[in-house]
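Trainee: Top line first, the protein sequences correspond to chains A and B.
All the letters of the first sequence, read from the start, carry residue numbers 1 to 324 under the UniProt record's numbering.
All the letters of the second sequence, read from the start, carry residue numbers 1 to 201 under the UniProt record's numbering.
Just so you know, these hints were derived from the structure itself, not from any lab.
Bear in mind the structure is a predicted one, so any value in this text is a computation, not a measurement.
Here a beta-carbon is modelled for each residue, glycine too, at the ideal position from N, C-alpha and C.
Check each hint, because a few of them may be wrong.
Here are the computed lysine to aspartate or glutamate pairs in the EDC-like style, where the Cα-Cα straight-line distance is at most 20 Å [stated by the list, open to error]:
id, chain 1, residue 1, chain 2, residue 2
1, B, Lys114, A, Glu242
2, B, Lys114, A, Asp245
3, B, Lys114, A, Glu256
4, B, Lys42, A, Asp102
5, B, Lys51, A, Glu82
6, A, Lys104, A, Glu165
What the simulated footprint calls covered on chain A by chain B, stretch by stretch (three residues with Cβ under 8 Å from a Cβ of chain B suffice, anywhere in the stretch; the number is not a length) [said to hold, decoys possible]:
id, segment
7, 85–94
8, 98–104
9, 214–224
10, 234–246
Among the chain B residues that face chain A by a calculated CB cut under 7 Å, a handful are [stated by the list, open to error]:
id, residue
11, Pro78
12, Ala95
13, Thr97
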Amino acid sequence: MAMAAFRREGRRLLLSPVSYNSSVAARSAILSDSELGPMGARSVSTQAVRNRMKSVKNIQKITKAMKMVAASKLRAVQVRTENSRGFWQPFTALLGDNPSVDVKKNVIVTITSDKGLCGGINSTSVRVSKALYKLTSGPEKETKYVILGEKGKVQLVRDSKNSIEMNITELQKNPLNYTQVSVLADDILKNVEYDALRIIHNKFQSVVSFLPTVSTILSPETVEKESEAGGKLGSLDSYEIEGGDTKAEVLQNLAEFQFSCVLFNAALENACSEMGARMSAMDSSSRNAGEMLDRLTLTYNRTRQASITTELIEIISGASALTG
Amino acid sequence: MYRHASRRLIQVLGDRGRRRSFSTGLPAPPSEDAAFVEAWRKVAPNIDPPKTPLAFMKPRPPTPSSIPSKLTVNFVLPYQSEISNKEVDMVIVPATTGQMGVLPGHVATIAELKPGVLSVHEGNEVTKYFVSSGFAFIHANSVTDIVAVEAVPVDRIDPSLVQKGLADFTQKLNSATTDLEKSEAQIGVDVHSALNAALSG
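Generate the whole structure from the sequences, applying the supplied hints.
Mentor: Next up, the structure:
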């Protein structure tokens, strides 16, 4: 122990005449990771802080890259979404919008994303779906879920496992197009019995604002019933039907076509919202990482300077003890 | 003096603007369903009710008392709105019951479309599109909505490909065994013959 101390003293005396500028000393302090520096000075470990800084910097790079990717994908989908907005309007103009229709069999189609890291849009959709489930449930009524997307399934399977009728994932493996969505709509219509379909999605208002929206589609029988009852659909009887053998057949085709159109627009809007939400989530994440990096750098510098100061004090006091 | 004159001028113009009432004196149509919002608030008071399509649509004009002179046409496809709110004289739609001409003041109709030619007449110019299929809604207020899955201007159709397609599908129809194959081949034959007719007609 005493020998080690003497050796330390010796080394310090040897090197002190040489003008050892602080940056070199600092570098040696940086390069060491043990408690004992090359000059024998005790220094608090900066390795832990350094490791942390490296990982935070990497995270910042990754989130910045994800933001750029989301921004470029958003630009592509946004154009198609805005072009498809006129597609569902004729149906609402003809049949009106009856979200408060009272029917026995409700099917809630929730559109969510497959991938995560997109902010809160999936949770919002699931919350709205659950509230809608409560709204449409009652005696003699049954409500079922059809879930598009992995994230919705994960959240809804936890408490509503028995009400999930169908689950479709990997919707966005290929860019969304109408053919794919119409096949999907056909699939859904074949497998569920419904009086009213409610599609829940996030409508893309702007890059930072996404509004949860519910679009209601009624089955042909419900349309007949509502038009007889009057109200919003009352004027439907005044329309003449051209084509098809019976009014029922035309209404059936109309309902199916309406479902595929509305689903197409809803899927596109949700994809747009997903990209926008991911952009803002990744942006705030990069900003947080940047702030964290700043704080860590300050801590690191403080630690480093403190260790250099300690080293210098020890050297100087050692030197003055010998000379004075 | 000139300073006062300009101020008085601006004041007069401003007053005139203010005194004029709003041109749309009608109450705005509801942008959300009141019954739905009420029911929602009872079930989930902490969550904002979701929006409905009504909130995102511009309200349609009411039925006028006299027949208007022009027809307003909206022609939409999945990938774009081909024609939106254009005032035209006449459109001819290929309904399943045959070519149907629509003039302003046409009775309200829901028409199912078959593959054929849609022509829009505006003054002396006629624009022709070949539509795959869809629906046409003619409303009482002389607004026509045509919703189609695919539409192509007729001058972009390649006649040689049409003939080849027709020959292919006719052959498939003859060699089809199951009902599904037969109907698929029949659809192909129908579409290609309609394309043929569109090119010649």
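Trainee: Hint by hint, note whether the structure agrees.
Mentor: Hint check:
1. B:Lys114 <-> A:Glu242: holds (11 Å)
2. B:Lys114 <-> A:Asp245: holds (14 Å)
3. B:Lys114 <-> A:Glu256: holds (16 Å)
4. B:Lys42 <-> A:Asp102: holds (16 Å)
5. B:Lys51 <-> A:Glu82: holds (18 Å)
6. A:Lys104 <-> A:Glu165: holds (16 Å)
7. 85–94: That given contact holds, which follows from 10 residues of the segment 85–94 of chain A lying within Cβ reach (below 8 Å) of chain B.
8. 98–104: Satisfied; 3 residues make the cut.
9. 214–224: holds (count 3)
10. 234–246: holds (count 8)
11. Pro78: Interface hint status for B:Pro78: holds (4 Å vs cutoff 7 Å).
12. Ala95: holds (5 Å)
13. Thr97: holds (5 Å)
Comparing the model with each earlier hint shows no violations; every hint is respected.
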